[in-house]
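Trainee: If you want the building blocks of each chain, they are given just below.
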Amino acid sequence: MPRIIGRITLPVVGVNDLVALRESLEPVQKLPTYLAELQAPLLKKIAENFDPLTDLLDLLYQRLLEAPSVKLREGGFMAAGVSEELDELREISRNSKQFLNKMLLHEREITGISSLKISYNKVFGYYLEVSNVHKSSVPEHYIRKQTLVNAERYITAELKEFEEKILTAEERIGELEYELFQQLKTEINSNARRVQQTANDIAVADTLAGLAFVAENNHYVRPSLHPLEAPRKLFLKDSRHPVIEQIDLGEVFVPNDLDLEESKCRIMLITGPNMAGKSTYMRQVALIVLMAQCGSFVPVSSSEFSVVDRIFTRVGASDNLTLGQSTFMLEMNEAAAILNNATERSLIILDEIGRGTSTFDGISIAWAIVEYIQKLSALTLCATHYHELTAIAQELDSVKNFSIRVEEEGEKIVFLRKIVSGEADKSYGVQVARLAGLPKSVVNRALEVMEQLEETSMVHHLPVLIDETQQEQKNSAEVSENSGSSWGNSVNEDQQLSLFPEESLYLDELRKLNLNDMTPLQALNYLHELTDKLRQ
Amino acid sequence: MSVPQAETPMMSQFNAIKREHPDKLLFYRMGDFYEMFGDDAIVGAKVLQIALTSRDKKKKKSLPMCGVPYKAYEQYLNKLTAAGYKVAICEQMEDPAKAQGLVARDVVRVVTPGTTVSPQLIDPNRNHFLLAINVVLRAQCLGIAFVDLSTGEFEVAEFHLNETHRFYDFLAQLTPQEILLTQSRSEIESTFLEELVQRMTQLLDKINSADARSVTSSEQISGLQNAQVFPSTGRFNFIDPYHFDPEATQRNLNNHFETLNLSGFGVDDLPHGVAAAGALLRYLEETQKCDLSHLTALRRYAFDKTMLLDEATVANLELFESQSGARKHTLYHILNHTKTPMGARLFRQWLRQPLLDVEAINERFDCIEEFRNNFMLCEEFRECLENI
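The listed protein sequences derive, respectively, from chains A and B.
Numbered as in this note's numbering, the first sequence ends at 536 without a single skipped number.
Numbered as in this note's numbering, the second sequence ends at 388 without a single skipped number.
Everything labelled a hint here was simulated from the structure, so no lab data went into it.
Note that the structure is a prediction, hence the values are computed from the model and not measured.
Take every hint as true, because none was put in to throw you off.
Ranges of calculated distance between the beta carbons of each label pair, as one might list FRET restraints: (1) A/39 <-> B/254: 37 to 43 Å; (2) B/97 <-> A/85: 21 to 27 Å; (3) B/326 <-> A/407: 28 to 34 Å; (4) B/269 <-> A/531: 48 to 54 Å.
Straight-line Cα separation of at most 27 Å, DSS-like style, residue types lysine-lysine; simulated pairs: (5) A/165 <-> B/98; (6) B/339 <-> A/30; (7) A/45 <-> B/339; (8) B/61 <-> B/24; (9) A/233 <-> A/375; (10) A/160 <-> B/98; (11) A/233 <-> A/264; (12) B/98 <-> A/71; (13) B/71 <-> A/185; (14) B/305 <-> A/233; (15) A/71 <-> B/71.
Glycine included, C-beta positions come from ideal geometry on N, C-alpha and C.
Can you make the complete structure from the sequences, with help from the hints?
Mentor: Here you go:
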C-alpha cells in the first residue's frame with residue numbers, strides 16, 4: 001500500500017497497481033470494527049484515529065471498471081460516468097449501428113423521405129442517399145457529394161461529426177482514458193500522507209497481532225520488566241531457546257533457569273563439555289532479553305528482569321575466515337569492542353573467549369577479561385572449556401560457577417542439558433571425541449595421555465599468572481619439572497625440554513606485571529609480544 | 001568517448017545530453033528502443049548480455065551501440081541498477097510524426113540503486129534506503145538523513161565523531177542501497193572520507209554478501225543474477241558540498257514541505273542532519289524529476305530510545321539469518337507472523353531496534369495480552385489483514 005503511493009507519480013505505475021490498491025483497501029474497511037473492541041492504549045489510539053480511506057476506495061470504484069483492462073495506452077479501464085465525453089465515445093464505438101439507425105429514422109422523419117439510406121464507402125465515408133424521386137425534398141443543410149444515375153449522395157455536418165467520432169473514437173478513447181487515469185493518480189497522490197498514516201497504523205496492529213499469535217502458539221509468557229535504572233536483575237524460570245525449541249531434533253528441549261542479580265551473582269561462569277549446550281543456553285538468554293525489549297512475550301514459565309542498554313555477544317570462533325583475518329585477531333577485535341563499549345547496564349555473552357589461541361594464552365586472556373567485566377559490573381554469561389578458569393570464582397564474589405550436567409555410563413556420556421550450580425568435574429573432551437566418531441584407538445590413546453597429564457596436575461596451576469606469592473612460585477617450579485617428565489613419552493622430547501629455561505625468564509617477567517594498571521588492550525598486546533618471543 | 005568526426009544532428013544532441021550526465025548510462029529513446037552509445041553501450045551490452053552493434057558498420061571507427069526495447073525496458077533497467085549503475089532515461093519530448101526536424105529529447109528520470117522503486121528490485125518485506133552523510137569536521141559531527149523512496153520514510157540523526165561505533169552499528173542496521181557524501185574540500189577531509197568509505201564498504205559488503213547468500217538459498221528474485229551484490233563504485237555518490245549548505249537546504253526543505261520553518265518536525269537541534277536531508281531531497285529532485293509529494297514529513301531517528309545491536313551480535317544471535325545462511329531457523333522467522341508487507345517491515349525494525357523504555361515495552365505487552373485474551377478476535381483480525 002505505501003509502496004504503491006511511493007511509485008504512484010511514476011509513469012510505470014499502471015492500472016494494475018491501482019487495482020491492487022483498491023483490492024487492499026477493501027479489507028481495510030472492516031478493520032475499525034475489530035479495532036473498536038480493543039482497549040489497550042496503543043491499539044485504542046490507533047482505533048480512535050484510524051482512517052480507513054473509504055473515500056479513496058469509493059473513488060477507485062467510481063473511476064475504474066470492475067475488471068479493467070490493464071493496457072494503459074489502449075483504454076478499457078475507466079468506469080462509466082467518469083467523463084461524459086468518454087461515455088459518448090464508448091457509446092459511439094459500441095453502438096455505431098444503432099446510432100446510425102437512430103439517425104436514419106430521425107432524418108427520414110424530418111425530411112419525410114422514406115427511402116432515405118445511410119451507407120459507407122471508402123472514398124468519402126458515411127453518406128446519405130436519396131433517390132431522384134425525392135430529390136426536391138432534400139433539406140438545405142445536406143451537402144451534395146456525388147450524383148448517380150438514379151440517386152444523389154449527400155453528407156451532413158452531423159454525419160461527418162459522427163464519422164469523425166467513430167473513426168477516431170478508439171484512438172480518442174485511449175488518449176482520454178490515459179488522461180483520466182493520470183488525473184486519478186494525481187488525486188490519489190494528494191492523499192499520500194493519509195495513506196501512509198493508515199499503512200503505519202495497520203503495520204503496528206499487524207505486528208502486535210502477529211506477536212500475540214506467536215505468543216499463544218508457542219506458549220510464551222509476559223515478562224515482568226524493571227526500568228533501565230533499577231537494580232540489575234535477570235531471573236528466568238524454565239527458559240527455552242525460541243528457535244531451537246521449534247526445530248524438531250527428536251529430542252525434548254530441556255528448559256533451564258537463570259538467576260543473576262547485581263548484589264549477588266553478576267557473572268555466570270559455565271563449564272562443561274563441548275556439545276553439552278552451553279552456547280544454546282547463553283544464546284537463549286540473550287534472545288529472551290532481546291525479544292522482551294522488542295515487545296514480544298518470551299519462552300519461559302516466569303521471568304523478571306531489568307532492561308539492558310545493550311547486548312554484547314562474543315560467540316565461538318568459526319566464521320569470517322574468508323575475510324583473511326585470523327580467527328584470533330577477529331575474536332580479540334570483538335572482545336575489545338565489547339570491553340570498550342559495554343556499561344554496567346549491558347548484558348554480555350562470552351562463549352569460549354580465548355579459544356582462538358594456545359591454551360596458555362587463552363586462559364590468561366579469558367581470566368583477565370572476566371576480571372575486567374567483574375569491575376565493570378555488567379551482568380555476564382561466560383562459557384569456557386578451560387576448566388582452570390573456575391578458580392576465579394573463589395577470588396571474586398560476584399562470579400559463580402555453573403555447569404551442564406553430564407552423566408557418565410562407563411566410558412560413554414549422556415548430555416542432560418541441565419544447568420546446575422557448581423563447576424563441571426571434568427571436561428569430557430575425549431568422550432565427546434568418541435561421540436564424534438574418532439577411531440577407537442585414538443580415543444583410547446587419548447584417555448591414556450589424559451591420565452598421565454592429570455597425574456602431573458600441570459594445568460591446575462596456570463592461574464598462577466596473576467598471583468605473586470612465593471607459594472605459587474614454588475608450585476610453578478614443580479610444574480616445570482613434572483611437565484618435563486610427563487612429556488618424557490612425547491616425540492618432541494628435546495624440543496619441549498629445551499624450552500624451559502627460556503620460559504622461566506618470561507615467567508619472571510610475568511610475575512612482575514601488574515595487570516591492574518593495564519587496559520585489556522595493553523594486556524593483550526603484551527601477551528602477543530610474549531607469545532611471539534616464546535615462539536622464536 | 002569516441003566521437004565520429006562529422007556529427008549528425010542527432011549525435012550532437014546525444015552528446016550534449018550525455019555531457020550533462022557523464023556518470024550515468026544514458027538510455028536514449030529512439031522510436032521503440034532505448035539506445036546506448038559509445039562507452040555506455042560497451043558497459044550496457046556486457047551487463048545486460050545483449051548484442052553490441054554499431055551505428056554505421058561500414059566506417060572503421062564506428063560508434064558502438066546497443067539498445068533495449070521500450071516495451072520491456074524495466075527489466076533491463078533493473079539489471080543495471082542492481083549492478084550498481086545509474087541510468088538516465090532520455091525521452092522524446094514530442095511526437096516524432098509531428099516534429100519538424102530533429103525530435104526534442106530530454107532526460108526525464110534518473111534511476112540509481114538507492115532510488116529505484118521497481119517492485120522487482122525491492123523486497124516487499126524490507127526497506128530500501130538512500131542515505132546522505134554530511135561530514136562536518138569542525139563540529140565533530142556526522143549529520144545523516146535517510147529516505148525510503150518507496151514508502152516515504154524520511155528521517156534525520158546526528159552522530160558525534162567520538163561515537164562512530166554507534167554510527168557503524170546504525171549503518172549496519174539501515175543497510176542503505178546507496179550513500180551520498182560530500183566531495184572533500186581539504187586534505188583532512190579527504191583522509192577522513194577515505195577511511196569512512198573504506199569502513200562502510202567493508203561493513204556493507206559483509207552484510208550484502210550474507211544477504212546474497214540467503215537470497216539464493218531461499219528466495220529467487222525474478223531474473224536477477226547478482227541483484228544484491230553492489231560494486232562499491234555505484235554505492236557511493238560524491239556530491240558538491242554546496243548541496244549541504246545549511247541555508248540552502250533549509251530553504252529547499254521548507255519549499256518541499258510547504259512550511260515556514262522545520263520546528264514542527266522537532267529536528268531543530270540537528271542542523272547537520274537537516275542539511276543532509278536537504279541534500280538528499282535535492283538529489284532526489286534532480287534524479288527523479290517527478291513529484292516527491294509522498295515525502296510528507298521529516299522525522300527524527302529515535303536511536304537514543306532504542307538499543308543499537310552491533311553486527312556481530314545480530315549475526316551471533318541469528319536474528320535474521322542463521323550461520324549457515326538460511327532464513328528459516330532465525331528469530332525473525334520464528335516470531336514474524338505479520339500478514340502485511342508493512343507489518344513485516346515494521347517487525348523487522350522492531351527486532352533490529354529493541355526498546356529501552358519499560359513503559360513503551362509494556363504498552364506493546366498490553367496489546368499482546370489483550371489480543372491473546374480475545375484470541376478469536378485476534379484471529380479474525382489477522383485473517384482480514386491477510387487480504388490487504
